[in-house]
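So the sequences go chain by chain: A and B. In terms of the numbering used here, the first sequence is residues 400 to 634. In terms of the numbering used here, the second sequence is residues 400 to 634.
Quick caveat, the hints were computed from the structure, so don't treat them as lab data. Some hints could be false.
Same chains, same label: a pair holds when it works inside one copy or across any pair of copies.
As the list claims (entries may be wrong) - Calculated cross-link-like contacts (lysine-lysine; reagent style DSS-like; alpha-carbon spacing at most 30 Å):
#, residue 1, residue 2
1, K481, K568
2, K404, K453
3, K584, K520
4, K520, K597
5, K568, K597
6, K566, K597
7, K597, K622
8, K627, K560
9, K584, K622
10, K520, K470
11, K568, K500
12, K597, K627
13, K470, K453
14, K622, K588
15, K435, K406
2 protein chains.
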Amino acid sequence: MNSEKMKIAVLGGTGNIGKGMVLRLALQNLMENGVKNEVVIGSRTPEAAKEAAKEALEELENCGFDTSKIKIRGKSNSEAAKEAELIILTIRFDHVPPLLKSIREELENKILVSPVVPMVKVGSVFEYRPPAEGSAALAIRAMVPESTKVVAAFHNIAAGKLQDVVKCKAVHDSIICSEDEEAKKTVMKLTENMGCLKPLDGGSLRNANTVEALTPLLINIAKLNGLKDLGINFS
Amino acid sequence: MNSEKMKIAVLGGTGNIGKGMVLRLALQNLMENGVKNEVVIGSRTPEAAKEAAKEALEELENCGFDTSKIKIRGKSNSEAAKEAELIILTIRFDHVPPLLKSIREELENKILVSPVVPMVKVGSVFEYRPPAEGSAALAIRAMVPESTKVVAAFHNIAAGKLQDVVKCKAVHDSIICSEDEEAKKTVMKLTENMGCLKPLDGGSLRNANTVEALTPLLINIAKLNGLKDLGINFS
Numbered sequence: 400m401n402s403e404k405m406k407i408a409v410l411g412g413t414g415n416i417g418k419g420m421v422l423r424l425a426l427q428n429l430m431e432n433g434v435k436n437e438v439v440i441g442s443r444t445p446e447a448a449k450e451a452a453k454e455a456l457e458e459l460e461n462c463g464f465d466t467s468k469i470k471i472r473g474k475s476n477s478e479a480a481k482e483a484e485l486i487i488l489t490i491r492f493d494h495v496p497p498l499l500k501s502i503r504e505e506l507e508n509k510i511l512v513s514p515v516v517p518m519v520k521v522g523s524v525f526e527y528r529p530p531a532e533g534s535a536a537l538a539i540r541a542m543v544p545e546s547t548k549v550v551a552a553f554h555n556i557a558a559g560k561l562q563d564v565v566k567c568k569a570v571h572d573s574i575i576c577s578e579d580e581e582a583k584k585t586v587m588k589l590t591e592n593m594g595c596l597k598p599l600d601g602g603s604l605r606n607a608n609t610v611e612a613l614t615p616l617l618i619n620i621a622k623l624n625g626l627k628d629l630g631i632n633f634s
Numbered sequence: 400m401n402s403e404k405m406k407i408a409v410l411g412g413t414g415n416i417g418k419g420m421v422l423r424l425a426l427q428n429l430m431e432n433g434v435k436n437e438v439v440i441g442s443r444t445p446e447a448a449k450e451a452a453k454e455a456l457e458e459l460e461n462c463g464f465d466t467s468k469i470k471i472r473g474k475s476n477s478e479a480a481k482e483a484e485l486i487i488l489t490i491r492f493d494h495v496p497p498l499l500k501s502i503r504e505e506l507e508n509k510i511l512v513s514p515v516v517p518m519v520k521v522g523s524v525f526e527y528r529p530p531a532e533g534s535a536a537l538a539i540r541a542m543v544p545e546s547t548k549v550v551a552a553f554h555n556i557a558a559g560k561l562q563d564v565v566k567c568k569a570v571h572d573s574i575i576c577s578e579d580e581e582a583k584k585t586v587m588k589l590t591e592n593m594g595c596l597k598p599l600d601g602g603s604l605r606n607a608n609t610v611e612a613l614t615p616l617l618i619n620i621a622k623l624n625g626l627k628d629l630g631i632n633f634s
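Make the full structure from the sequences, and use the hints.
Structure, rendered in structure tokens:
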């Protein structure tokens, strides 16, 4: 992993958060300290993933970046997961169980990153609705092989800011939780080079519930106070 | 309430958060837009409350403030509550039920502010432990008369920063939740003049659980990342 490029799958990479994540990862190949990587977008239909990969490269070209050092491909979720060392789940919580079941074999020994936030809209506000395990992260932990290193991260970044790679240099904090210290460090290094996030060690996966719960709070506060695309900072 | 001073009771005002709150409230009497007020510190023993009131005035004098316009007194919790229009509960969650039971009659039609965070230390980390109602705020709502206006506020400010009225001008966000819009506005105005906090409308009391849960998260993140007295900002 040192000199080679890290293969990263963004499953559900055709959604808003997924798209932003793909751009921010791909750009790290142009940064001195960036984590060099190849991104594979995963989707239920490989065609949609391939289209998203093409669009991401075009977007980066349109922004004036040299894309010759950037590799973004599109595949089915299971093929993307198979290739990757690190898998990011940018899908809705209710889609998580069937997806993880279908790619279970591809998850052995890999890093699985969950930015997943289970929430529902009640009237005009969003409410956090964690599963019985206490959080999406702990539920995911229970769904995957023992050897999978589950890391909770990237919950509290607005899709709009993530996707706006040129303008958005705002540095918000991203709290990262895992039982696996090495996997946590890898994700913290990725985060450090997102161009809009500063990683904070959030301790164990047991702390992920509060981090997940912040997302509906951010959305509600934004709406109630006439703000937009809120992020969070600790100081 | 317009030209008169608002009477504010800080119950448990001899503790760390209480002390800081008393100083920040008292100083508003010296600010052009501050909410003019008289602070009554409440404690289980009136002597401790009187001593805390004396110390607070001395502290402000030592900092060079003109205390002739500032009134801070000490009383028993129930006497303090009886006098006040607005009551702030700066006590531990497990002390809340017996206290509220003993002062129930004094709470009719008043604003009751809860910065209370139910949490426990498990090993080296703090964990949020909300009661069955979902949050301290909702549990308190269920313990008081129907006419009491419960407002959740001031959960995420470190005692050290709150007490350091001269040096600490850091402006952190304070999320304020209530079903009573008028009471919420009153507390938001108080907050605005704390000198270290910016109020954000957090919507209904149902949202207070996430705000309460932030406190153990802040403490844990501070410890894990070598930081101190963390506050939070949304932007």
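Hint by hint, which ones does the structure fall short of?
Hints 1, 10 and 11 not satisfied by this model.
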